[in-house]
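So the sequence lines, in the order shown, correspond to chains A and B.
Oh and the first sequence: position 142 is 142 in our numbering, straight run, nothing missing.
Oh and the second sequence: position 119 is 581 in our numbering, straight run, nothing missing.
Source of the hints: derived by calculation from the structure; they are not laboratory data.
Treat the hints loosely; a few may be bogus.
[Stated by the list, open to error] Chain B side only, calculated, beta carbon under 7 Å to chain A, not exhaustive: (1) Gly529; (2) Leu532; (3) Val580; (4) Cys583; (5) Cys609; (6) Asn612; (7) Thr625; (8) Thr695; (9) Leu759.
C-beta atoms are modelled at their ideal positions from N, C-alpha and C, and glycine is treated no differently.
Protein chains: 2
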Amino acid sequence: MFGARCLLRALRSCTSAPCPRHKPSARLSVRDALGARSTNGERVKVQGWIRSVRSQKEVLFLHINDGSSLESLQVVADSSFDSRELAFGSSVEVQGQLVKSPSKKQNVELKAEKIEIVGNCDAKAFPLKYKERHPLEYLRQYPHLRCRTNALGSILRIRSEATAAIHSFFKDSGFVHIHTPIITSNDCEGAGELFQVEPSSKIKVPEENFFNVPAFLTVSGQLHLEVMSGAFTQVFTFGPTFRAENSQSRRHLAEFYMVEAEISFVESLQDLMQVMEGLFKTATMMVLSNCTEDVELCHKFIAPGQKDRLEHMLKNNFLIISYTEAVEILKQASQNFTFTPEWGVDLHTEHEKYLVKHCGNIPVFVINYPLALKPFYMRDNEDGCCCDLLVPGVGELFGGSLREERYHFLEQRLARYLDLRRFGSVPHGGFGMGFERYLQCILGIDNIKDVSLFQDLLIRVL
Amino acid sequence: MFGARCLLRALRSCTSAPCPRHKPSARLSVRDALGARSTNGERVKVQGWIRSVRSQKEVLFLHINDGSSLESLQVVADSSFDSRELAFGSSVEVQGQLVKSPSKKQNVELKAEKIEIVGNCDAKAFPLKYKERHPLEYLRQYPHLRCRTNALGSILRIRSEATAAIHSFFKDSGFVHIHTPIITSNDCEGAGELFQVEPSSKIKVPEENFFNVPAFLTVSGQLHLEVMSGAFTQVFTFGPTFRAENSQSRRHLAEFYMVEAEISFVESLQDLMQVMEGLFKTATMMVLSNCTEDVELCHKFIAPGQKDRLEHMLKNNFLIISYTEAVEILKQASQNFTFTPEWGVDLHTEHEKYLVKHCGNIPVFVINYPLALKPFYMRDNEDGCCCDLLVPGVGELFGGSLREERYHFLEQRLARYLDLRRFGSVPHGGFGMGFERYLQCILGIDNIKDVSLFQDLLIRVL
Numbered sequence: 001m002f003g004a005r006c007l008l009r010a011l012r013s014c015t016s017a018p019c020p021r022h023k024p025s026a027r028l029s030v031r032d033a034l035g036a037r038s039t040n041g042e043r044v045k046v047q048g049w050i051r052s053v054r055s056q057k058e059v060l061f062l063h064i065n066d067g068s069s070l071e072s073l074q075v076v077a078d079s080s081f082d083s084r085e086l087a088f089g090s091s092v093e094v095q096g097q098l099v100k101s102p103s104k105k106q107n108v109e110l111k112a113e114k115i116e117i118v119g120n121c122d123a124k125a126f127p128l129k130y131k132e133r134h135p136l137e138y139l140r141q142y143p144h145l146r147c148r149t150n151a152l153g154s155i156l157r158i159r160s161e162a163t164a165a166i167h168s169f170f171k172d173s174g175f176v177h178i179h180t181p182i183i184t185s186n187d188c189e190g191a192g193e194l195f196q197v198e199p200s201s202k203i204k205v206p207e208e209n210f211f212n213v214p215a216f217l218t219v220s221g222q223l224h225l226e227v228m229s230g231a232f233t234q235v236f237t238f239g240p241t242f243r244a245e246n247s248q249s250r251r252h253l254a255e256f257y258m259v260e261a262e263i264s265f266v267e268s269l270q271d272l273m274q275v276m277e278g279l280f281k282t283a284t285m286m287v288l289s290n291c292t293e294d295v296e297l298c299h300k301f302i303a304p305g306q307k308d309r310l311e312h313m314l315k316n317n318f319l320i321i322s323y324t325e326a327v328e329i330l331k332q333a334s335q336n337f338t339f340t341p342e343w344g345v346d347l348h349t350e351h352e353k354y355l356v357k358h359c360g361n362i363p364v365f366v367i368n369y370p371l372a373l374k375p376f377y378m379r380d381n382e383d384g385c386c387c388d389l390l391v392p393g394v395g396e397l398f399g400g401s402l403r404e405e406r407y408h409f410l411e412q413r414l415a416r417y418l419d420l421r422r423f424g425s426v427p428h429g430g431f432g433m434g435f436e437r438y439l440q441c442i443l444g445i446d447n448i449k450d451v452s453l454f455q456d457l458l459i460r461v462l
Numbered sequence: 463m464f465g466a467r468c469l470l471r472a473l474r475s476c477t478s479a480p481c482p483r484h485k486p487s488a489r490l491s492v493r494d495a496l497g498a499r500s501t502n503g504e505r506v507k508v509q510g511w512i513r514s515v516r517s518q519k520e521v522l523f524l525h526i527n528d529g530s531s532l533e534s535l536q537v538v539a540d541s542s543f544d545s546r547e548l549a550f551g552s553s554v555e556v557q558g559q560l561v562k563s564p565s566k567k568q569n570v571e572l573k574a575e576k577i578e579i580v581g582n583c584d585a586k587a588f589p590l591k592y593k594e595r596h597p598l599e600y601l602r603q604y605p606h607l608r609c610r611t612n613a614l615g616s617i618l619r620i621r622s623e624a625t626a627a628i629h630s631f632f633k634d635s636g637f638v639h640i641h642t643p644i645i646t647s648n649d650c651e652g653a654g655e656l657f658q659v660e661p662s663s664k665i666k667v668p669e670e671n672f673f674n675v676p677a678f679l680t681v682s683g684q685l686h687l688e689v690m691s692g693a694f695t696q697v698f699t700f701g702p703t704f705r706a707e708n709s710q711s712r713r714h715l716a717e718f719y720m721v722e723a724e725i726s727f728v729e730s731l732q733d734l735m736q737v738m739e740g741l742f743k744t745a746t747m748m749v750l751s752n753c754t755e756d757v758e759l760c761h762k763f764i765a766p767g768q769k770d771r772l773e774h775m776l777k778n779n780f781l782i783i784s785y786t787e788a789v790e791i792l793k794q795a796s797q798n799f800t801f802t803p804e805w806g807v808d809l810h811t812e813h814e815k816y817l818v819k820h821c822g823n824i825p826v827f828v829i830n831y832p833l834a835l836k837p838f839y840m841r842d843n844e845d846g847c848c849c850d851l852l853v854p855g856v857g858e859l860f861g862g863s864l865r866e867e868r869y870h871f872l873e874q875r876l877a878r879y880l881d882l883r884r885f886g887s888v889p890h891g892g893f894g895m896g897f898e899r900y901l902q903c904i905l906g907i908d909n910i911k912d913v914s915l916f917q918d919l920l921i922r923v924l
């Protein structure tokens, strides 16, 4: 009905040895090939990019990687296959037999019967160089190619796995997932650092008519989650949020991901803190067990010592100190801070990092902030109803609070927000976790841009 | 260390019968209470909103719902508990014993020992009325309260489950999940209907400096996925996309969700179509088995007949026709179209719906579109390399194509996009599926706003 095998064969130079007739080979990912149990001469097809070429007198060794795992598959071929086009970075398709490897370095190798060059790679122009370990700063210049390195490949597989782990933690705990809006008129944090959204000038629409009111990119899905927790009790969202901060520092992105949760009928901060600690530990354990090699690579080459630090975080109960205690600790510190610690003023990152160090590098909840430091929706209690979780190397990772559910306390607020408190209002609380900071924390990666997929691509590229 | 049980008890009126001393009751969701295996007098605490009150001489029956399931939990209490505050919409906390129900309507009921009113609900002001089935159009006026109805509760639980099912389909198939950027300078579809993004005027930054170039909200993550498929072979994204279309019709949202995938080394459209069909069928089966009652409710009350139509889609192989065949079918149709079908012109929704009906209400791939109708990144093949999947009731659900991987064909394009073809280029293809349309298709829901969480909330509310 349709003959869509539409690749121009001309593109390819097929350096193919005589190949026995047999049924079409099964296509395997490198990961599946490496994990194959039986190697009784099964014929397979593997596709990927060449990571190394070693040419000996009679044998040619290739390593093929397709991004499905950190480890590459060793291909062993007759030296007659050798060709200048079989170079670092080229894409190839190899058919052959999966056999047990004589070497101790791998269990399985692919004995090539046919090697096709799919796409060439000009080594001189290619910014990634064979056998070189490129610094992360260098790679940031090539956001569209850096994912072909071991380091970025590992980080991005971990990011994908962590995303799945977070979704599955909430699903297993009975939370309903909510897509909170990206375009909104909210200004949840009361911050001025918003991006405004308007139809592009190309469109012939009277601008004032499109949204009726100024529209912004969301800084938090919390208020919308509160709506939904009023029906589903436990809800979460995991989506992009935005800050138009001018300082594109190592800690800040204009576009980043946040995990946020709201829980109805919660009356104590302790219940909330349990969920936060549970999320951090459960998700991290899942990542460690599903991406063992990838995490090991980060801990070995990017952040030495991080393996022990992470284990230390996972096996200890998180600590709790009050804001007042925190300020006392900071005032007594021998360290000189850029910003002098003072009661009634928000903590700076340097303070947060010091506090975690002071607590033996165990994550610590700071509670009982002065109300003046926190936004309107937080519950006004003398003994405080909000907390920040500080973690080693990063500082603030989560912020959480009990929300103000009492009608008369909110009466001067927006009518719709009040409606949520008129009809069967319930005590509730919630929290948010910066996803990129979470990845920095578990991997020990210093610059947030290295755990972000396209930050540098944002505008400049494509 | 911290005494954060900070609810003012004054808010609550506790109508509590003498309660035997016992250890604190375990908190259970309604779903877990309903599914409890053993009912040997276990003491539990259930929290939720009152869905019905029936007062008899000696007994009071309440139905409590907390959004964890469609079904509510029946609470049986002594009539001494009766109070005007125990009204439809109020939130309550009930403690008591889970016992086997004598009625056939449910397995389990909760014998109340203590009932606390958590939040009152003024029946007169509450827009949802007891025992009334509100039309979806009516509910659209109350986006912040409508999720407390059976219909919207079910739809949003299904949306959450479908999200999880789509993630798990891709994870099980070895795809890496990618967060493609929301702010971008791309204009993937060549459409003019973009939202432009700028720092809010409140910020004192020279505007031209923030992004250096005009920045827009993404209309598709495809180009960024192509980058990543060049390293991970199989990648997907599932995030918000935007169209500044002025017509906010039943088919269009300004902000909607799209599932997009890219696969390297794919050379035939057939391989791509297999993934699309697999995604549709696997995700739908998962939703049907995890949300059985919720889907039944939609199929019974919102879209009668949809159950059979959906089964028909799932048990048949999807069909394939060419664009030319499609235009022939339309020209021979007895139906009068608003837009006269003509070869070389894109299909309209009325055409798409007719074609699916003509195909016996089985989803149908239309392939071999004239190249002039498709964007630059599609592969230019005589026999066509793109396809749209049309489904009953909705029209186009997926669009997919093989991409142009040949360097010299793209040479006049952006330098960075070309870079992707210089270094180990591979044939690849991908597709996108509108998530709201998917939900409309499986549930038979006519208006896209009813499967969207906050569309009406976008700006007006909160």
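Each hint tested on the structure:
1. Hint status for Gly529 (chain B) relative to chain A: holds, with the closest Cβ pair at about 3 Å, below 7 Å.
2. Proximity of Leu532 (chain B) to chain A is violated relative to the hint, the smallest CB-CB distance being about 12 Å (cut-off 7 Å).
3. With a least beta-carbon distance of about 5 Å to chain A, the hint placing Val580 (chain B) at the interface is held under the 7 Å criterion.
4. Interface restraint check: Cys583 (chain B) against chain A, minimum CB-CB distance 4 Å, threshold 7 Å, status holds.
5. Proximity of Cys609 (chain B) to chain A holds as hinted, the smallest CB-CB distance being about 4 Å (cut-off 7 Å).
6. The beta carbon of Asn612 (chain B) is not positioned within 7 Å of any beta carbon in chain A (closest approach about 11 Å), and the interface hint is therefore violated.
7. Taking 7 Å as the C-beta cut-off, the interface hint given for Thr625 (chain B) holds, the closest approach to chain A being about 5 Å.
8. Here the hint on Thr695 (chain B) is kept, as its CB sits about 5 Å from the closest CB of chain A, short of 7 Å.
9. Hint status for Leu759 (chain B): violated, given a least beta-carbon distance of 15 Å to chain A, over 7 Å.
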